[in-house]
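Since the structure of chain A is already known, use the hints to place chain B on it.
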Amino acid sequence: VNELWLVLGGALMGAVGPGISVLYATYGEVITERSGRINLGTEGCMMMGATFGFITTVQTGHLGLGVLAGALAGGLLALVVAFLAINRGANQLAAGIAVTLFGLGVTSFAGRSYVASSIHGLDPLPLPVLSGIPILGEALFRQDLLTYIAYALEAN
Amino acid sequence: MSTTGALPRGVAPPRLPTAFVRSLAAVGFALVAFTALLAVTGRDPFDAYAKVFRGTLGSRVGLAEIGVRMVPILLTALAAAIPARLGLINVGGEGQLYLGAWAATAMALFVGGPIWSLLPLMMAAGFAGGAFWAGTAMLLRHWRGVNEVISTLLMNYIAVLFVNVFVFGPWKNPAGFNYPYTRDFDAGAVLPSLFDSRLHAGIVLPLAAVVLAHLVLTRTRWGFNMRAIGGNAEASKRRGIPVARYMAAAVLVGGGVAGVAGMVEVSGVQHHLRPGISNGLGMLGFLASWLADHNPVTIVATSFLLALVSVSGDLLQFSADLPSAAMNVLVGLILFFVLTFRAPGRKAAA
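These protein sequences, in sequence, are chains A and B.
Each residue of the first sequence is one higher than the last, beginning at 3 in our numbering.
Each residue of the second sequence is one higher than the last, beginning at 905 in our numbering.
A couple of the hints might just be wrong.
On the chain A side, residues computed to face chain B include the following (Cβ under 7 Å) [said to hold, decoys possible]: (1) A84; (2) L86; (3) R90; (4) A92; (5) A96; (6) L103; (7) F104; (8) V108; (9) F111; (10) S115; (11) P136; (12) I137; (13) A141.
Example chain A residues on the side facing chain B (calculated, C-beta under 10 Å, incomplete) [unchecked claim]: (14) G19; (15) S23; (16) L25; (17) T28; (18) L42; (19) G46; (20) H64; (21) V82; (22) A97; (23) I99; (24) A100; (25) V101; (26) G105; (27) L106; (28) G107; (29) R114.
If you are wondering where the hints come from, they were derived from the structure by calculation, not from laboratory data.
All figures in this text were calculated on a predicted structure; none of them were measured in a lab.
Even for Gly, the Cβ is constructed at its ideal location relative to N, Cα and C.
With the rest of the complex left out, here is chain A (with noise of 0.2 Å):
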């Protein structure tokens, strides 16, 4: 029983940090298709925001500028699905598949000779109290501040 405790929570802690990277994703696409469009180009604007967020952060050293380009690199990129499929009405999945192959392409090189950096992430904020749930503090509340971010955003 104990092991099975071990594995759930080992399960879930892996699961909150990749998840949470989705969840920002899911966000922007929600707020996309509120407004009665859709944005296949999501994919891209993610690789362009991890890609530039990261290059910001190494050669800036501060984490909340290449936080910052990140969403401006993923915006910057939709700016486009929403240039040929508003202003030129263009076929809105044929953008985003278009935009998604381009940040594919661009990331991969500009990335390129970023592939052996490495910066020091955003650290963990322990919650006072929360964080001493046995497995569920462990995985959710030890977490850092995009990620409080993002559950304060799913309150809403």
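Using the frame of chain A, we list chain B on its own:
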């Protein structure tokens, strides 16, 4: 061949030349932008282009490679174009290709036989595999109202993993040093090669399919009804056209054609099943169909273009020290300019 001047007043000039000129201009702009990108990142673009030319259009080996690459792109393009006639969007060519490859491999490994019976059997199995995958998406639409764009797109990922289950598991070649490949096919399951090159007999399949699709769509009652449904499904239904049956048939045929692409990949190119047999060729097919406005004849040209770009990407990886994915920038740019140049308000090619 412009006949605009000879046309009587009030008759619109033919659209094709303008569309063609626009597409050429789009490719031109994309090339200029890509050249600038190469130059800015410190590479010699013209050296790179010279190498690409020698490795593609400028040599027998290169031409054969384009042909090999073109087969799955053209077939998956048809898989998108046929349902598109009815206003259905099939983004699942990639997954249908994988299922077709899986089903054809099952025939090659477990049924076998002489080449004259085994190849048609594999083709039928590939068709059935792709049709099954596309049909599942249609059933979801029919029963639960699931949007086929989402279901076909997401089923791509399932198909890739489905194939992985077999090549990493029960079908793995016991003598294959633990690589996730099935054993190599017997001679009876391999499409014969042509001209002593990597080109194989499978190249006739997409060409035959294009001719057939063109004839059915333009010369038969079926094709007429399909266009009617694409124009207005509700009106067609009230006129007594069995719309649901047409939709099911178009999607099954489309998926089947993509499945044949998978059969051709394992039988003509790989000679075994392994993970990543397609790596996005089905997506290029969707784009080829879209760029051609789902016209089965124009698709040949757009598939050729995308096959050329795809082969060039692999070449640049070796010769110009570029990541292979860099060619995606060029594909993205081409699409960007094509989408930009198409007149606004034009009916979205759905």
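Here is what the structure says about each hint:
no., hint, in the structure
1, A84, "violated (12 Å)"
2, L86, "holds (5 Å)"
3, R90, "holds (5 Å)"
4, A92, "holds (4 Å)"
5, A96, "holds (5 Å)"
6, L103, "holds (4 Å)"
7, F104, "holds (3 Å)"
8, V108, "holds (6 Å)"
9, F111, "holds (5 Å)"
10, S115, "violated (10 Å)"
11, P136, "violated (34 Å)"
12, I137, "violated (29 Å)"
13, A141, "violated (26 Å)"
14, G19, "violated (21 Å)"
15, S23, "violated (17 Å)"
16, L25, "violated (18 Å)"
17, T28, "violated (14 Å)"
18, L42, "holds (8 Å)"
19, G46, "holds (8 Å)"
20, H64, "violated (25 Å)"
21, V82, "holds (7 Å)"
22, A97, "holds (6 Å)"
23, I99, "holds (6 Å)"
24, A100, "holds (3 Å)"
25, V101, "holds (7 Å)"
26, G105, "holds (8 Å)"
27, L106, "holds (5 Å)"
28, G107, "holds (3 Å)"
29, R114, "holds (6 Å)"
Consistency note: the structure conflicts with the earlier hints numbered 1, 10, 11, 12, 13, 14, 15, 16, 17 and 20.
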